[in-house]
Amino acid sequence: MFGYLLTRLLTFVPTFIGVTLISFAFIRVLPGDPIIVMAGERGMSEERYQEMVVKLGFDKPVWEQYTDYLVGVMQGDLGQSFVTKKPVWDEFFSLFPATLELSICAMIFAMALGLPAGVIAAVNRGKFFDRFLMSTALVGYSMPIFWWALLMIIVFSGNLGWTPVSGRIDLLYFFDSVTGFMLIDSLLSGQAGAFKSAARHLILPTIVLGTIPLAVIARQTRSAMLEVLGEDYIRTAKAKGLSPLRINGIHALRNALIPVITVIGLMVGSLMAGAILTETIFSWPGIGKWMVDSIFRRDYPVVQGGLLLIAVMVMIVNLTVDLLYGVINPKIRKR
Amino acid sequence: MKAKFMMAAGAFALSASTAFANTLVYCSEGSPEGFDPALFTAGTTFDASSHPIYNRLVEFETGTTNVIPGLAESYEASDDGLEYTFKLRQGVKFHSSDAFTPSRDFNADDVIFSFERQRLDGHPYNKVSGGTWEYFDGMSMPDLVKEIVKIDDHTVKFVLSRPEAPFVANMAMDFASILSAEYGEAMLAAGTPEMLNGAPIGTGPFSFVAYQKDAVIRYQANADYWKEKAGIDNLIFAITPDASVRYQKLRAGECHVMPYPNPADVAAMKEDSNVNVMEQEGLNVGYLAYNTTMAPFDNPAVRKALNMAIDKQAIIDVVFQGSGQIAKNPIPPTMWSYNQAIEDDAYNPEMAKQMLAEAGVSDLDMKIWAMPVQRPYNPNARRMAELIQEDYSKIGVNVEIVSYEWGEYLSRSKEKNRDGAVLLGWTGDNGDPDNFLAVLLGCDGVEASNRAQWCHQPFDDVIQKAKVVTDTAERTKLYEEAQTIFKEQAPWATIAHSVVYMPMSNKVQGYKVHPLGGHIFYGVTVE
Numbered sequence: 001m002f003g004y005l006l007t008r009l010l011t012f013v014p015t016f017i018g019v020t021l022i023s024f025a026f027i028r029v030l031p032g033d034p035i036i037v038m039a040g041e042r043g044m045s046e047e048r049y050q051e052m053v054v055k056l057g058f059d060k061p062v063w064e065q066y067t068d069y070l071v072g073v074m075q076g077d078l079g080q081s082f083v084t085k086k087p088v089w090d091e092f093f094s095l096f097p098a099t100l101e102l103s104i105c106a107m108i109f110a111m112a113l114g115l116p117a118g119v120i121a122a123v124n125r126g127k128f129f130d131r132f133l134m135s136t137a138l139v140g141y142s143m144p145i146f147w148w149a150l151l152m153i154i155v156f157s158g159n160l161g162w163t164p165v166s167g168r169i170d171l172l173y174f175f176d177s178v179t180g181f182m183l184i185d186s187l188l189s190g191q192a193g194a195f196k197s198a199a200r201h202l203i204l205p206t207i208v209l210g211t212i213p214l215a216v217i218a219r220q221t222r223s224a225m226l227e228v229l230g231e232d233y234i235r236t237a238k239a240k241g242l243s244p245l246r247i248n249g250i251h252a253l254r255n256a257l258i259p260v261i262t263v264i265g266l267m268v269g270s271l272m273a274g275a276i277l278t279e280t281i282f283s284w285p286g287i288g289k290w291m292v293d294s295i296f297r298r299d300y301p302v303v304q305g306g307l308l309l310i311a312v313m314v315m316i317v318n319l320t321v322d323l324l325y326g327v328i329n330p331k332i333r334k335r
Numbered sequence: 336m337k338a339k340f341m342m343a344a345g346a347f348a349l350s351a352s353t354a355f356a357n358t359l360v361y362c363s364e365g366s367p368e369g370f371d372p373a374l375f376t377a378g379t380t381f382d383a384s385s386h387p388i389y390n391r392l393v394e395f396e397t398g399t400t401n402v403i404p405g406l407a408e409s410y411e412a413s414d415d416g417l418e419y420t421f422k423l424r425q426g427v428k429f430h431s432s433d434a435f436t437p438s439r440d441f442n443a444d445d446v447i448f449s450f451e452r453q454r455l456d457g458h459p460y461n462k463v464s465g466g467t468w469e470y471f472d473g474m475s476m477p478d479l480v481k482e483i484v485k486i487d488d489h490t491v492k493f494v495l496s497r498p499e500a501p502f503v504a505n506m507a508m509d510f511a512s513i514l515s516a517e518y519g520e521a522m523l524a525a526g527t528p529e530m531l532n533g534a535p536i537g538t539g540p541f542s543f544v545a546y547q548k549d550a551v552i553r554y555q556a557n558a559d560y561w562k563e564k565a566g567i568d569n570l571i572f573a574i575t576p577d578a579s580v581r582y583q584k585l586r587a588g589e590c591h592v593m594p595y596p597n598p599a600d601v602a603a604m605k606e607d608s609n610v611n612v613m614e615q616e617g618l619n620v621g622y623l624a625y626n627t628t629m630a631p632f633d634n635p636a637v638r639k640a641l642n643m644a645i646d647k648q649a650i651i652d653v654v655f656q657g658s659g660q661i662a663k664n665p666i667p668p669t670m671w672s673y674n675q676a677i678e679d680d681a682y683n684p685e686m687a688k689q690m691l692a693e694a695g696v697s698d699l700d701m702k703i704w705a706m707p708v709q710r711p712y713n714p715n716a717r718r719m720a721e722l723i724q725e726d727y728s729k730i731g732v733n734v735e736i737v738s739y740e741w742g743e744y745l746s747r748s749k750e751k752n753r754d755g756a757v758l759l760g761w762t763g764d765n766g767d768p769d770n771f772l773a774v775l776l777g778c779d780g781v782e783a784s785n786r787a788q789w790c791h792q793p794f795d796d797v798i799q800k801a802k803v804v805t806d807t808a809e810r811t812k813l814y815e816e817a818q819t820i821f822k823e824q825a826p827w828a829t830i831a832h833s834v835v836y837m838p839m840s841n842k843v844q845g846y847k848v849h850p851l852g853g854h855i856f857y858g859v860t861v862e
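Those sequence lines, one after another, are chains A and B.
Heads up: the first sequence at position 51 corresponds to 51 in the working numbering, and the numbers run straight through without jumps.
Position in the second sequence counted from 1, then plus 335, gives you the working numbering.
Worth double-checking, as some hints may not be accurate.
Unchecked claim - DSSO-like, lysine-lysine: derived pairs with alpha carbons at most 27 Å apart: (1) B/K428 to B/K564; (2) B/K548 to A/K85; (3) A/K55 to B/K749; (4) B/K800 to B/K749; (5) A/K196 to B/K548.
Said to hold, decoys possible - Each pair of labels, with its calculated beta carbon distance range: (6) A/V155 to B/E743: 36 to 44 Å; (7) B/A681 to A/Q50: 45 to 53 Å; (8) B/S728 to A/S142: 33 to 41 Å; (9) B/E743 to A/T67: 21 to 29 Å; (10) B/P668 to A/E47: 33 to 41 Å; (11) B/E735 to A/I22: 34 to 42 Å; (12) A/K60 to B/D754: 32 to 40 Å; (13) B/L455 to A/D77: 23 to 31 Å; (14) B/P707 to A/F93: 31 to 39 Å; (15) A/V53 to B/Q799: 30 to 38 Å; (16) A/D322 to B/D433: 46 to 54 Å; (17) B/G466 to A/D77: 17 to 25 Å; (18) A/W63 to B/P668: 51 to 59 Å; (19) B/K729 to A/V53: 41 to 49 Å.
FYI, nobody ran anything at the bench for these hints, they're computed from the structure.
Cβ coordinates follow ideal geometry from the N, Cα and C atoms, glycine included.
Generate the whole structure from the sequences, applying the supplied hints.
Structure follows, in structure tokens:
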């Protein structure tokens, strides 16, 4: 196990360097000079432009800019945003907990509904439940997030008034951020009603962000379950007279989980894409919106640093998923 | 730095009921870049920094472009227009925070500090927080200001290198906000000079309490404000980037005021009895600039003919969805010296066709450049270009629409040998006509902000003269004359000025739409 972990960690190094190179090149390949974009319609004199070129280090050859960047990264310095003039590192970590909290809630929501839905559909293959659940999942999968979010806000917040429109907590509550996770911080604050408010604010964004993963998980669980349900050991279990709950819930589901977990691991990347739209609409102060704004403003350090940090997060999640296989299936652990 | 932010936050942790009494929530459209207005250029940043937190020596009267006394009780210009002496107000207090308590009132040192940090290369604050003083540089202040002299604690003299009448209006701009020199020194000594941008201290009607990035900014009324205390105790900016969501928040009572509604929502808002929609023409202009150095666009008759072929009303209806008005002059109607007497070239394709024939132009092929971004003065440049393309096809002019990435667009459109007419626009900075006419149409702007590459000596003479005259009545006459010349020569097709809508809860009283575009909450009350 330890050897496996070490091998996996070693493969991080080339991936990490590759990501720095791609993120560095990506933003530079896009047309658009950050200095001109910064100046906008107002423009700036040639003299001032040259001054800025030197200040931002664009006068150096590209390879030198890259090595400077890489050396900085190795020392934990991701540079300063061109726009806010603040360290990228500080900005990322002030926003990341919001994205993480929302993503975790969305995944819990997706799994809590998706797994049972997939199991129920598989067990009732071809029947009404199966068709109903799978066509609902297809609709969920095809839903444009932007439209879905606005619809939810208009119906549940605007017309019915059941949920808040946007934000992370009522403006009434105001306390120091300890962990960056609003659910935890609201509890720590000790202010009456704060936790409830934070939870209420999470409802709509969680549903919106969790909809696509929910649909994917439900469909993946169904097909994996169908495969497992045809196996000999399931027939044996049935012959032994085990209860359907025990057969489906423990024997079948556990074996069906491997492909589902793989899909969940892969979905972390697409969750980030969904988070961009969800965060914009729900005014959720996370890294999704931060990254998009930075791309439009050609804020090189933020785009480079943000992409790198997100890539590292995805790598860590995938490693965790691989390690989880071993937990679920001891055969993989021994290999 | 984060830890200090949080300390500031802790100081404000009041009980829920008192914290919300007499609070105005503004659903702002975006996050400020920072809180030191001199470092930035975005209106969103100024809304969150210079308007609530700071004052300037002179200020724009809210709701107008008139310049009124601010931290200076009065000012005097020397006869040669080279020296401006400001008499400073006494007894003005700076805000306090956990990190800083001022030991003295506002004085001349603060004025000197606020400008010298932008002006002098060797100043300890010149390079802090990136040290890009875009507006100070953009308004040519480094060349213009030769020296800043402290006469005594309450008198400061600005010595200019040339007479320039718009100087006073420049001093009312956001970059001219007055910061505390004492706070600057304290933060420099503590090794955290960037706190000036992160935890601002000013003299304004509201003091900064806390900022949660991309989420909420909190302010409280300054109890020691040198004018009457603000009508609200707490001011909260709830950052809400999506316009539809802002509207839903307004409907749900989660905010009191929202800027920049979707044009399509305005009609529904006007019908909502809980919502009051205020409106005003924006201080901007959207235009189509011909390249006047290239044939056949070097002929004013051709340009005039093309202008007459554009159905501007259709553009207002389709592109602006009603939230715009036809522009006949290069400056907006809310600006002083706007020439009402000028008549716009009427939409008349037949006449346009005839004029082109008389000018010897037939089978004309041309390019129209469409901006890739949305702006208040042009919410959809591609659509606008398509409408103009259709209009021109009626007079036998064949149009190809081109577009580039925004940065490319801005730099390529400056080139003198650029092929085609460019759609662009401008939003005013200081309410002075010079800021439109000289910047966008003066000879100095050729191959820069003058996208028509138009250098017409009679026009340039008039605006140069208006720049050095200090008498406003005389300047008005000169600018009116400049607009007449502009109309005859037609370097642009002036297309539209946007109309700014401000929807707000009907509980909000006393709000004034500011023609310079800022959102100002001093003087506002909530029922």
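Unmet hints by their number, sorted upward, for this structure: Violated hints: none; all satisfied.
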